[in-house]
Amino acid sequence: MDFEQQLSRAITRRTLLGQSCRGLGSIALASLLNSGLEAATNVPGLGTHGALAELHFAPKAKRVIYMFMSGAPSHIDLFDNKPKLKELTGQELPASVRGDQRITGMTSGQAKLLMVGPAYDFKRYGNCGAEITEMMPHIGSIADDIAIVRSMHTDPINHDPAVTYLLTGNQQPGRPTIGSWMAYGLGSVNKNLPEYVVLLSGGGGQPLLARYWGNGFLPSKYQGVQFRSTGDPVLYVSNPEGIDPTTRRELLDGVQQLNRLQLEAVGDPEISTRIDAYEMAYRMQTSVPELMDISQEPKAVLDMYGAQPGKASFANNCLLARRLAERDVRFVQLYHRDWDHHGNLPNELKRQCGLCDQPAAALVKDLKQRGLIDETLVIWGGEFGRTAYSQGAISKNSFGRDHHPRCFSIWMAGGGIKPGITLGKTDDFGYNLVEDGVHAHDFQATVLHLLGVDHKRLTFRFQGRDFRLTDISGNVVQKLLV
Amino acid sequence: MIRKLLFALALLYAAGWGSLASEQTVEAGPDALDYNRDIRQILSNNCYACHGPDKAKLEAGLRLDHQETALAELESGGRAIVPGDSSQSQLIVRITSSDEDEVMPPKAAGKSLKPEEIEKLRRWIDQGAKWKGHWSYLKVERPALPAVSNPGWPKTPIDHFILHRLDQEGLRPSPEADRAELIRRLNFDLTGLPPAIAEVDAFVADQSPTAYEKLVDRLLSSPRYGERMAQKWLDLARYADTNGYHIDNHRDMWRYREWVINAFNRNLPFDQFTTEQIAGDLLPGSTLDQKIASGFHRNVMVNFEGGADPAEYLTKYIVDRVTTTATVWLGTTLACTECHDHKYDPFTQREFYQLYAYFNNVPEQGLDGQKENPVPSIRVPSPEQTAQLEDLRRKLTGVEDRVNSELAKVTVEPPAIPPTLSTEPREYVWVDDVIPEGTTESGPDKTDSWHWVESPRPVLNGKRASERTATGLGQSVFTGARLPLVIGDGDKLFAHVYLDPNNLPDQIMVQFNDGTWEHRAYWGASKIDWGMDNTASRLSLGPLPEAGRWVRLEVDAARVGLSPGTVVGGWACTQFGGHVFWDKLGIMTRTPQASSLYDRQETWELAERSRSKSPVPEAVQAAVKIEPAKRGDEQRRAARDYFVRYIYNKTRAVFDPLNREANKIAKAEADLEKTFSATMVMQELPQPRDTFVLVRGDFRSKGDKVAPGVPASLSPLPAGAPANRLGLAQWLVDPNNPLVSRVTVNRYWQQYFGTGLVKTSEDFGSQGEWPSHPELLDWLACEFVASGWNIKGLQKQIVMSATYRQSSHVTPESLKHDPYNRLMARGPRFRLDAEMIRDNALSVSGLLDDRLGGPSVSPYQPAGLWEEVGFGPSFTAQSYVQSHGVDLYRRGIYTYWKRALPYPPLVTFDAPNREVCTDARARTNTPLQALVLLNDPSYVEAARVLGQRILKEGGATTPERLAFAFRLCTARAPQPKELEILTWIFDTQSAKYKQNPAAATKLIGAGESPRPAEMDVSELAAWTALGNVLLNLDETITKG
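Line order of the protein sequences matches chains A and B.
Here the first sequence is numbered in this note's numbering, starting from 66 and rising by one per residue.
Here the second sequence is numbered in this note's numbering, starting from 299 and rising by one per residue.
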């Protein structure tokens, strides 16, 4: 039986099943259709549950955990050591270095752009000898497992457009985020949880917008679903007071029975889908609270992350990310805020390192010890870098840095990423790229590649154009790959 | 074909996590190929990128979008297309080539032609390669009604077109839906709300032939119709209550929403509806209403992120206006022409900026909206506020009448000797016992920040002194004096201070405000850190003065940066700790002060003439400057009346109280005006901004200068159209415009049937889909224009059709033949829009608040959602403040729309975030939707109140009540099997809640609406549970 016949029969069966078995058949049908899809690809194991009939390459990673550092951490103070800048502290940035590119309205009016060196010393970590700030000893301890990219660059110079650009490929709102593209293209392999989950650390810093995990022009079911540490772990997942789980099941049975009668009478397959959706909602009522309850984790694990059950924190979210990865959630995005250090950078940076260093490193270690790291792509980074010159006055313990899109650092680990390397070079000022530039679109192309997707071939027709995540550019960064 | 369909279905079902109700092409199968229907999209999709309208990317000189160039000899010698002979056509040779270097499209393009597409191209060339202009750019011509197999079926002309196509496909229409289904469908489509049971009964019972039409007319005249229609339009208008970028704070725009609702309700013709929104402000003698309408294009997102470039964002606002106008009215995607010529459609980058020029003349700012609405914004009173305003104005007129009658009684003594002005500095006391008129007190204790006290506390002058005890910083402040101090050369400001010896302050300070507060002098320690030391902004005048007695403090005006001619309207007495009294503040000056009193008009006039800046009204100033003998009557009276009313020292007892009364009313009026809701509008700069082509869309690289204009491939501007937005609006609604009427009728069709006649309702270009019923589309477009753009008329035309009235039941055959119902052999059936799902629950429970219009409201929302993403309390709309009372039960259209985090229950049901123009919402079917309907407090409360309603109105027995409840939610009576299930649910829950009254009490505690105390707790809980089931039924949330 060829694919077409199989599907044709499935559709007929769907209607029949809907009538005879009251919708129960639709679950079986879904799996039949899935297997039909996979059978049709001719590439065993590369079929997807999303819009892509098949993956374009053998995937290196099954899922992504993206720790987004909102506000833009300073590459100069964290991952891109500039000893010369230290010597030149207090001197004016040479015009030849600055070039003619734009700087923000926050420092463009400053009389002088005075250089300032890294706030803290760097150390060499691991066998690879990666240079990392001494403020991040835990990241140092996984230096041999990660790839530091010092040559990221992007176009926008302000937060809103820069976050939007890095995540959607375009500065203006309206396009899907990378997680939405994956949910759309690859679908879910988990029957009890959404494919795209978002976790916020809470607290101040640059504002976030739901657009940062939005579906853009894709249907809304592809948007990131926020999982929360306070209140309902997923909005409206808890039964109202006075309805216990048994009652809920009984009422749901009532809904389902009536819907099945309706399906018999009307024959609309959407009813069948709705019946399935209600079943999954019911499963989520159990699976989500169970997932979010980290209090059952062994103390050693909680300690490794620095997690404290019951409150929103980056540490908790890192631990939750591992739990989501274990449950095969496709794309997990963590948002941690307050890296926007225009002033008082040494203190603020130290504080943020204190919040982020240990949990992020623990996540990589934990994935590794559970054998998940090879199939999970882990990303840590912000929307741009920060300037070599100070915003405001420089004193012994205080200075600031403005936005800098021309180069910045991130790190990646796991699924297909070459461990223990440092890619790319910037000049002595951490101001201009010198080699191996990785543009935002290259980064996106690489992430998709690791998941087995050709970024040029995951498209969606909207307003007459086949849109893609990387817009009209993007090259896979081969040097990052195993 | 079938493979394509099946594959799409497979995707739907394979998604697992819900399904997406979308659909695929239905293709007709006559033998003769039509360029527009069958060929253009293949070429456009696969070839135009290099062989299309974008001249910059043109390869081999070959353009396939133009007949002449496509048939011309190629550089290589051959011809791409030889009509009638596909074997000689290079196009066919290349697309079928097996040579990797030869084959088209090239591998790098990532495109490939399907075998059936190649076959079509071959056949089309063999059939003669007949070209046509793109169908949607051709003038709309009214088609004749086609013949049909069953002339008895059509009820309206629409049905001829539908049935004609069904005949071709060998399909038959479905029977008419039953009455209950019909009224429910119509209610949702025309009002967004379900019918009441009595309305269903009346319609079912009405045997007259006009029963259906009467129902349509009634619903079209319901005020709910405007709300229903506006909901769709607001997606296009990208209406929201916040600015959208970055911090995403609040804006006031709901007046615009109200305008849209009213416009639909009064059936404003679509041409005027268009004109007022594009250019309402430019209409001759434009009304307030028309100005509000012009807010359509102020709905763009606005930014004020620190450090962002205003020029960049100004550009973005205007670009959004161009692309939105193109989507809404032209069904055309122009976004790509911001940076380059269009790849598929005949629009150039230059033309994009010609349209841009129309919108480039608004007096707006690139970064704005931090505190109040981005400019330009106007304030609009509500009817109640207009009444209040009129009342205040009447009162003011009363006072003025009394002033005038008193003025008539006064005689001013003529001067005995010529007036002179003193040349010695004299002491002018500005503050004594009261702060000057017109001032606003600020600080935490706004109403009495000066803490005036009387003897036996220390008082130096008059009756009162100002007293303050502070730990840390404390101060008394005012700003905005109506008659400010005028600083002269060598002037000294003075204040008198009394320090409590038992509680000395660390520091005392006086601050003067001339628009800024950067004028400060202080005594004692330096604890207050405003300003910079040793400058005018922070001047030390030595140690604290002696305590326990009144000491006069003097400050050289020049040393605190107050130069001659400066006007000081505010003063602050500040201290750090301690217990301090202040009294008698003023200035030693030679300069006449505005509020000095005089006994002679001539002396005052002399002083007035010597002043460079004066608070006196301009007409009075002008009069005073003229020699008394040369003044006209008007001028003489102006000068004299002002003097008597405000200056003359002998008439103070009469006029001061009257003046105070008048000022009080004026202030009340100003305060009232501040409470008028603001709304953003369009305005035109007197001098238009220059517009340039922006090279690659970069706001920093200006290319050629361009003037306003419209795309050459569409109809020309009507004769006499002005070169501004009004001209653009006239062009849009010109009957010769080929797109606007087609795009608009298609969008309304989509509203009823789920899919437009052109499926790609936002794209009528080359990449768009060929219409399923092209003649019907043109017929509707013609009718629409001919009817005078009658929007209600168009709705009626659609719903009166037999096509619309068909049963929506799906049979295996109809599903197989036409799964997405593009041929309309059955009635429409799909899930309600997000807002309608909410409105339905509120309506069937009886909670719905039916006030029309008004500001946005904030229903129940889980705590912390905004705060988690917000920027903190210094900005608006960063934390959620829930509404109470009836505001909790307003229709979804009135829900506060925060772009950064729109109301989750609506978003879950596919409501867009309104950042950009949205034409058609997706319609998904997900588990999160189930969670909303099952557990969101709004729906649990609706279930509880529905339970109350069942107990009150549903009859005496359980079966009656169950049937009543079921009918409320579905408009039909339950079938026996359904009643059986409902009974089982109710009985089970009833028994359980009787045993567990604690759970029952909790359940019926849902929501803030009142609960009748007499109702039995367990019984109500059981009905609430049943209500919860009913509100979750597929049928309840579906229009069928």
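Treat the hints as calculated values from the structure; they're not laboratory data.
Since we're looking at a predicted model, the values are computed, not measured.
Treat the hints with care, as some may be off.
Computed Cβ-Cβ distance ranges for the label pairs, DEER-style [stated by the list, open to error]:
1. B:N448 <-> A:R314: 38 to 44 Å
2. A:G191 <-> B:W828: 48 to 54 Å
3. B:A406 <-> A:C193: 47 to 53 Å
4. B:D969 <-> A:A160: 41 to 47 Å
5. B:A347 <-> A:R314: 53 to 59 Å
Don't be surprised by glycine CBs; every beta carbon is placed ideally from N, CA and C.
Structure-based check of each hint:
1. B:N448 <-> A:R314: 38 to 44 Å: violated, 50 Å
2. A:G191 <-> B:W828: 48 to 54 Å: Holds, since G191 (chain A) and W828 (chain B) (Cβ atoms, about 52 Å apart) stay within the stated range.
3. B:A406 <-> A:C193: 47 to 53 Å: Violated, at about 37 Å.
4. B:D969 <-> A:A160: 41 to 47 Å: For D969 (chain B) and A160 (chain A) the Cβ distance comes to about 54 Å; the hint is violated.
5. B:A347 <-> A:R314: 53 to 59 Å: At roughly 55 Å between Cβ atoms, R314 (chain A) and A347 (chain B) fall inside 53 to 59 Å, so the hint holds.
Going through the hint list in order, the structure does not satisfy hints 1, 3, 4.
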